[in-house]
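4 protein chains.
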Amino acid sequence: MNVAIIGASGYTGLELIKILINHPKFNISYIANSSGEMNVQDLHPSLKNVINMDVNLANAQEVAKVADLAFLALPHKTAMVFAKELLALNVKVVDLSADYRLSLETYEKHYCEHGDKENIKDAVYGLPEYFKEDIKKAKLIANPGCYPTATLLALLPFIDYIETENPIFIDAKSGVSGAGKNPSDTTHYCQINDNVHAYNPFKHRHMPEIEEKIKILKGKELAINFVPHLLPLTRGMLVSVFATLKDDIDVNEILNNAYKDCEFIRLRDKPVDVKSVAGTNFCDLFVTKNGKALFVSSAIDNLLRGASSQAVVNANILCGYEEYEGIPKIAYVP
Amino acid sequence: MNVAIIGASGYTGLELIKILINHPKFNISYIANSSGEMNVQDLHPSLKNVINMDVNLANAQEVAKVADLAFLALPHKTAMVFAKELLALNVKVVDLSADYRLSLETYEKHYCEHGDKENIKDAVYGLPEYFKEDIKKAKLIANPGCYPTATLLALLPFIDYIETENPIFIDAKSGVSGAGKNPSDTTHYCQINDNVHAYNPFKHRHMPEIEEKIKILKGKELAINFVPHLLPLTRGMLVSVFATLKDDIDVNEILNNAYKDCEFIRLRDKPVDVKSVAGTNFCDLFVTKNGKALFVSSAIDNLLRGASSQAVVNANILCGYEEYEGIPKIAYVP
Amino acid sequence: MNVAIIGASGYTGLELIKILINHPKFNISYIANSSGEMNVQDLHPSLKNVINMDVNLANAQEVAKVADLAFLALPHKTAMVFAKELLALNVKVVDLSADYRLSLETYEKHYCEHGDKENIKDAVYGLPEYFKEDIKKAKLIANPGCYPTATLLALLPFIDYIETENPIFIDAKSGVSGAGKNPSDTTHYCQINDNVHAYNPFKHRHMPEIEEKIKILKGKELAINFVPHLLPLTRGMLVSVFATLKDDIDVNEILNNAYKDCEFIRLRDKPVDVKSVAGTNFCDLFVTKNGKALFVSSAIDNLLRGASSQAVVNANILCGYEEYEGIPKIAYVP
Amino acid sequence: MNVAIIGASGYTGLELIKILINHPKFNISYIANSSGEMNVQDLHPSLKNVINMDVNLANAQEVAKVADLAFLALPHKTAMVFAKELLALNVKVVDLSADYRLSLETYEKHYCEHGDKENIKDAVYGLPEYFKEDIKKAKLIANPGCYPTATLLALLPFIDYIETENPIFIDAKSGVSGAGKNPSDTTHYCQINDNVHAYNPFKHRHMPEIEEKIKILKGKELAINFVPHLLPLTRGMLVSVFATLKDDIDVNEILNNAYKDCEFIRLRDKPVDVKSVAGTNFCDLFVTKNGKALFVSSAIDNLLRGASSQAVVNANILCGYEEYEGIPKIAYVP
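Chains as they are written, first to last, in the numbering used here: chain A, 1 to 334; chain B, 1 to 334; chain C, 1 to 334; chain D, 1 to 334.
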């Protein structure tokens, strides 16, 4: 199937290109960014001798001529404009931005007014382990945020077993690629190297995304107390989930039962690390308890399972292909 | 006053040398490690043209001849042997190991049998903001662990305001120097670079140290659920404290009141980072809340406030000098 | 074709596994290290859900039963023992150690007495761009060292154009994975992070390897003045070649002519960086001059083009497959 | 003596503040940047509880009222405007920019038209080991560039012993702080981490600075072939000097003789590293040879010996104080 990548300049756009180049079913027929008029090798010099294609100025009409599905690796607000146009032209959309992840009400509370109130209603949240049946029938996938992916996969199996009146705390740690490619004071090497700090504690926009999905899947209104940190590493994300158990249960058994058929979730008997998942679609999980105190540690590659490889898994399911065709499994270790 | 440094080979030994070289009151009269027969410049080549002294094979009798106070930067179990001998010779001791930090009972439960049951009873826990009066009269200071220092300074002001039946969670993040100078799989560059992982979750030996000091100071038996992580940075430590508030209180006011006279504790209105404290004795604190959920973030230099500079503060107080004479304040930024 | 990997514990062993898992022609039928009795997932936890095979105690007889070709990722001296046995059993060998890279005389001068004087004579040096015809007919490939690979590919095209009486200087910069997986003072994170230094200046054993190959290919006895440096990065190698040009020539044209048909050598019009080649078999080259002064900059992934992927290219050629079947091209950027 | 720091926002401005806070003779009486109206703690949060001063909008008239000497940590072109005004007001100037480092002719060839043709003639190049007598009498010091400092200290002692018709090659490696505080694609963490590359090979503006100073001091017109690299570390600079010796000389003896009375130059018998000098004014040197091939390795802290601490040494000499009063000697190891 011919596919388009809109928003090829950023990190997730590059990761999409890298996955799709070798994908057995998808063929990249169109690449676009906001300027066009260059070769993809000018945009990403590491692709020299790997792929040789023009980068176009993004145009939905042109996409519809050459592709049946489009991946949108665009900033929020820009994504909804293209998604709306593409859907009207019968192009399926996997959107990596935040634009279709939330209910309209929650979106407008935390982001801005929404410009595509029609399609947001039908968008499917692309967390494959929990929404596979919906994804099969979808025309528009809202690819989850990186923090929600790592958090939900760790937390959802335990929702029925924890005291929901007690606060749930999430201490999340992200590599710098999560902050995007644009240079800023925050991403300056001298600011990041040998440093670590929290940012937006209890105020990050991924917090309502996590809360809303728990409500949809588990019927419970929980307050997620989410504190992200920026770490001196390029890619990878490690999330600590802390909660209070109601009873003295076997926490490993719960996790095993939840994910026994999930090839891309690996339960570990030692604390997980990001290097074992960097470069892959895996989510590695570790769980332990101390009396009623629960700790789940969740590791993903923020650009892959937290964005681009999960997007391709969603596209695989949506198109009726094997779920894990062409999905990266080989980590960047050492 | 003449002072000795026993255990000069490791990172905390080096930091002691670096602080004491320029100290207006202390004079290094003796340096020892476990081999001797070298110059301190052979041990630490960065000290060439800075200090020129012999390193001796550690010997308590020799120490007593030339020094009134000794800093012990030794592994636990070794430290207690020297401390016992030195105290018998009327040399005051600031011990950076774990050997005198706990009650005898707690020590023997979490470490091993104690070889100096006499002195452990009289040892004073050297957290200056909380034990200054005891430190003034002490002969033996147990210098706190790095994790307990960062955690207690963040948590203690809030003990009276939190639900103590609910779990308190500590998500701690340490630079690699905290693991010591000996090479191991854990500290190999390729294992640490671009990586992050928890270790000993809910099982670290700094957990009972934190619990015991809270009980002594606040009379409450709390379960501290402590999860340390190893981060790709050389020095620095960031600790997240998560707890449940009982009431809708002004969390900044509480922190301000607790530390308004403490020159080396800085309250910040933005999340703290380790780079602003690396190279100094400062503990930087940030606090916020989300309903009843409390988050305190605490940053220290693990080798200084978490070890060597705090040891010198303790020695200053014990010797009746100005508390902060010769204590490093200038951070390693950028 | 069934292949064996002997020496699966180290970094190059792991890279061989990672390449061969997805190779369209080679099938891994045997994996061994020096202890055996484990699963490859115990050795390399990142391979969980990727490959499930026993790791054997290395045994040449067993290899010969199940494989037609063996990759040896062993220390020098150990490699020659296995190579000798395997060749006697008609198993072809690609040896990643130094044991067969040099003439017997040069080897014994710089390393130690050689235990396989028979086979060293027939070993083919596996630098594909220069020895392809010999590789096709070989039974034993000596896979080049990482420094010689990056240096020779940069220097060889210019040998005819430089003053050979003037010193040639090589300033090489390697990531830490080149020092291997065993922990040491040298590879401790705190020693490497924020640091850089030369080691073995003018004394590294890759120096005679470079000199000997130039003599074989170009008939000239040159003194290569080689200074390697250790850098704070995990993988990647950047080599500066400095020499004196005889005439005012077009240095880019020379490089273009030398490698115009070489898919895995990329000539760049901006200075090359290691990130664009990390994860791939590419060698990126940049050249410029200042009067008679020549500068060539060469970037490779030390574990791939400098070891494991070049080994698989050699195996491809030796077995009559397409030279670049299954060879990694997608870099680890960002 | 009261001193002013003009240009307090950048890295070298911060380092000046950090040195001068504890200087026994200099007193910071004025701090300025291009916006003013803030406290120095707002500009550099790490200075909280360390120094409490207003930052002013830079104004030469105000400086002249409160200070006898000014350090200019400004971009080139801006620096000359202030220097001219301050000198007219009888304020002595130590300028850290490039504006007064070169002869007028060389400056205008490599930078731009010069706006202070009067004072550039009398500026003294502040490399203390070579220009001490001139510095004593100067009113305007041109503080050397970081690359020229590390290169000249390594190369000057050998000028009389090398073949000057053969190219001299400099392979320099700098930490990212050398690129300044402003965020850019070049200094983005994801671009620097795990990466290394050359930039401006044979074209850097520090090349003519090195050449001109050799001509002044040694009377020889040499072509310096200079290739800088950007490394994944915050501070520190390592420079390789490669040249051809005329005779079989004792290279260590030459270096020893050149610097036997220089407290801040340390000759090493092992290759130097940047970590041993980071945080200090030291220049560490190592030399070896291979036949006629010479290799000198030179390590400095680019922000201190390459900028701010050398500026304070110059100020000490100029003011008749002890050369090394208040100059940092304690390295940031580990």
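No wet-lab data here; the hints were simulated from the structure. These figures come from a predicted structure and were not determined experimentally. Heads up, some of the hints might be wrong.
Straight-line C-alpha distance at most 27 angstroms; calculated DSSO-like pairs for lysine-lysine [claimed, not checked]:
1) B:Lys-77 with B:Lys-25
2) D:Lys-25 with B:Lys-48
3) A:Lys-260 with C:Lys-48
4) D:Lys-181 with A:Lys-181
5) C:Lys-289 with D:Lys-181
6) C:Lys-270 with C:Lys-215
7) C:Lys-215 with D:Lys-292
8) C:Lys-218 with D:Lys-289
9) C:Lys-84 with C:Lys-121
10) C:Lys-65 with C:Lys-84
11) C:Lys-289 with D:Lys-220
12) D:Lys-25 with D:Lys-48
13) C:Lys-215 with C:Lys-121
14) A:Lys-246 with B:Lys-203
15) D:Lys-218 with D:Lys-181
16) C:Lys-215 with D:Lys-48
17) C:Lys-203 with A:Lys-270
18) B:Lys-203 with B:Lys-215
19) A:Lys-48 with C:Lys-132
20) D:Lys-203 with C:Lys-292
21) B:Lys-48 with B:Lys-77
22) B:Lys-203 with B:Lys-117
23) B:Lys-132 with B:Lys-260
24) C:Lys-215 with C:Lys-181
25) D:Lys-289 with B:Lys-270
26) D:Lys-220 with B:Lys-48
27) A:Lys-137 with A:Lys-84
28) C:Lys-246 with C:Lys-260
29) A:Lys-218 with B:Lys-292
30) D:Lys-181 with D:Lys-246
31) C:Lys-109 with D:Lys-270
32) B:Lys-289 with A:Lys-218
33) C:Lys-292 with D:Lys-260
34) D:Lys-289 with C:Lys-203
35) D:Lys-270 with D:Lys-246
36) C:Lys-203 with C:Lys-215
37) A:Lys-92 with A:Lys-117
38) A:Lys-77 with A:Lys-48
39) D:Lys-48 with C:Lys-289
Evaluated hints:
Restraint check for Lys-77 of chain B and Lys-25 of chain B: not satisfied, since their Cα atoms lie roughly 30 angstroms apart, outside the 27 angstroms limit. Taking the CA atoms of Lys-25 of chain D and Lys-48 of chain B, the gap is near 25 angstroms; set against the 27 angstroms cutoff, the hint holds. For a cut-off of 27 angstroms, the pair hint linking Lys-260 of chain A to Lys-48 of chain C stands: about 14 angstroms separates their Cα positions. About 17 angstroms separates the Cα atoms of Lys-181 of chain D and Lys-181 of chain A, which keeps this hinted pair within 27 angstroms; it holds.
Taking the CA atoms of Lys-289 of chain C and Lys-181 of chain D, the gap is near 31 angstroms; set against the 27 angstroms cutoff, the hint is violated. Annotation: proposed proximity of Lys-270 of chain C to Lys-215 of chain C is violated, straight-line Cα distance about 30 angstroms (limit 27 angstroms). Of the supplied pair hints, the one linking Lys-215 of chain C and Lys-292 of chain D holds, its CA atoms being roughly 20 angstroms apart against a limit of 27 angstroms. With a C-alpha separation of about 26 angstroms, the suggested pair Lys-218 of chain C and Lys-289 of chain D falls inside the 27 angstroms cut-off, and the hint holds.
A distance of roughly 12 angstroms separates the Cα atoms of Lys-84 of chain C and Lys-121 of chain C; the hinted pair therefore holds under the 27 angstroms criterion. Pair hint Lys-65 of chain C plus Lys-84 of chain C holds up; C-alpha atoms about 16 angstroms apart against a cutoff of 27 angstroms. Between Lys-289 of chain C and Lys-220 of chain D the CA atoms are separated by roughly 22 angstroms; this keeps the pair inside 27 angstroms, and the hint holds. Distance restraint check for Lys-25 of chain D and Lys-48 of chain D: the Cα-Cα separation of roughly 23 angstroms lies within the 27 angstroms cut-off, and the hinted pair is therefore satisfied.
Straight-line distance between C-alpha atoms of Lys-215 of chain C and Lys-121 of chain C comes to about 16 angstroms, which keeps the hinted pair within the 27 angstroms bound. Restraint check for Lys-246 of chain A and Lys-203 of chain B: satisfied, since their Cα atoms lie roughly 21 angstroms apart, inside the 27 angstroms limit. Among the hinted pairs, Lys-218 of chain D with Lys-181 of chain D is inconsistent with the structure: their alpha-carbon atoms are about 36 angstroms apart, more than 27 angstroms. With a C-alpha separation of about 63 angstroms, the suggested pairing of Lys-215 of chain C with Lys-48 of chain D is violated against the 27 angstroms cut-off.
Annotation: proposed proximity of Lys-203 of chain C to Lys-270 of chain A is violated, straight-line Cα distance about 42 angstroms (limit 27 angstroms). With a CA separation close to 19 angstroms, the supplied pair Lys-203 of chain B and Lys-215 of chain B stays within the 27 angstroms bound. The straight-line distance between the Cα atoms of Lys-48 of chain A and Lys-132 of chain C is roughly 24 angstroms, inside the 27 angstroms bound, and the hint therefore holds. About 15 angstroms separates the Cα atoms of Lys-203 of chain D and Lys-292 of chain C, which keeps this hinted pair within 27 angstroms; it holds.
For the suggested pair Lys-48 of chain B and Lys-77 of chain B, the alpha carbons sit about 32 angstroms apart, so the restraint of at most 27 angstroms is broken. Between Lys-203 of chain B and Lys-117 of chain B the alpha-carbon distance is near 25 angstroms, which keeps this suggested pair within the 27 angstroms criterion. Between Lys-132 of chain B and Lys-260 of chain B the CA atoms are separated by roughly 16 angstroms; this keeps the pair inside 27 angstroms, and the hint holds. A threshold of 27 angstroms between alpha carbons decides the hint, and for Lys-215 of chain C with Lys-181 of chain C the separation of about 33 angstroms lies outside it, so the pair is violated.
Proximity of Lys-289 of chain D to Lys-270 of chain B is assessed by CA-CA distance (about 53 angstroms); at most 27 angstroms being required, the pair is judged violated. In summary, the hint linking Lys-220 of chain D to Lys-48 of chain B is not supported, as the alpha carbons are separated by about 34 angstroms, beyond the 27 angstroms threshold. Taken as a hint, the Lys-137 of chain A and Lys-84 of chain A pair is honoured in the structure, with Cα atoms around 18 angstroms apart against an allowance of 27 angstroms. Note on Lys-246 of chain C and Lys-260 of chain C: the hinted pairing holds, with a Cα-Cα distance of about 24 angstroms set against a maximum of 27 angstroms.
Restraint check for Lys-218 of chain A and Lys-292 of chain B: satisfied, since their Cα atoms lie roughly 23 angstroms apart, inside the 27 angstroms limit. The hinted pair formed by Lys-181 of chain D and Lys-246 of chain D fails the criterion: a straight-line CA distance of about 43 angstroms is larger than 27 angstroms. Restraint check for Lys-109 of chain C and Lys-270 of chain D: the C-alpha separation of about 24 angstroms stays at or below 27 angstroms, so the hint holds. The suggested pairing of Lys-289 of chain B with Lys-218 of chain A holds, with an alpha-carbon distance near 26 angstroms, which does not exceed 27 angstroms.
Taking the CA atoms of Lys-292 of chain C and Lys-260 of chain D, the gap is about 36 angstroms. The hint is violated against a cut of 27 angstroms. Pair hint Lys-289 of chain D plus Lys-203 of chain C holds up; C-alpha atoms about 10 angstroms apart against a cutoff of 27 angstroms. About 24 angstroms separates the Cα atoms of Lys-270 of chain D and Lys-246 of chain D, which keeps this hinted pair within 27 angstroms; it holds. Using a Cα cut-off of 27 angstroms, the hinted pair Lys-203 of chain C and Lys-215 of chain C holds, with the two alpha carbons roughly 19 angstroms apart.
For the given pair, Lys-92 of chain A sits about 17 angstroms from Lys-117 of chain A by alpha-carbon distance, which is consistent with the 27 angstroms threshold. Straight-line distance between C-alpha atoms of Lys-77 of chain A and Lys-48 of chain A comes to about 32 angstroms, which puts the hinted pair past the 27 angstroms bound. Distance hint between Lys-48 of chain D and Lys-289 of chain C is unfulfilled; the C-alpha atoms sit about 50 angstroms from each other, more than 27 angstroms.
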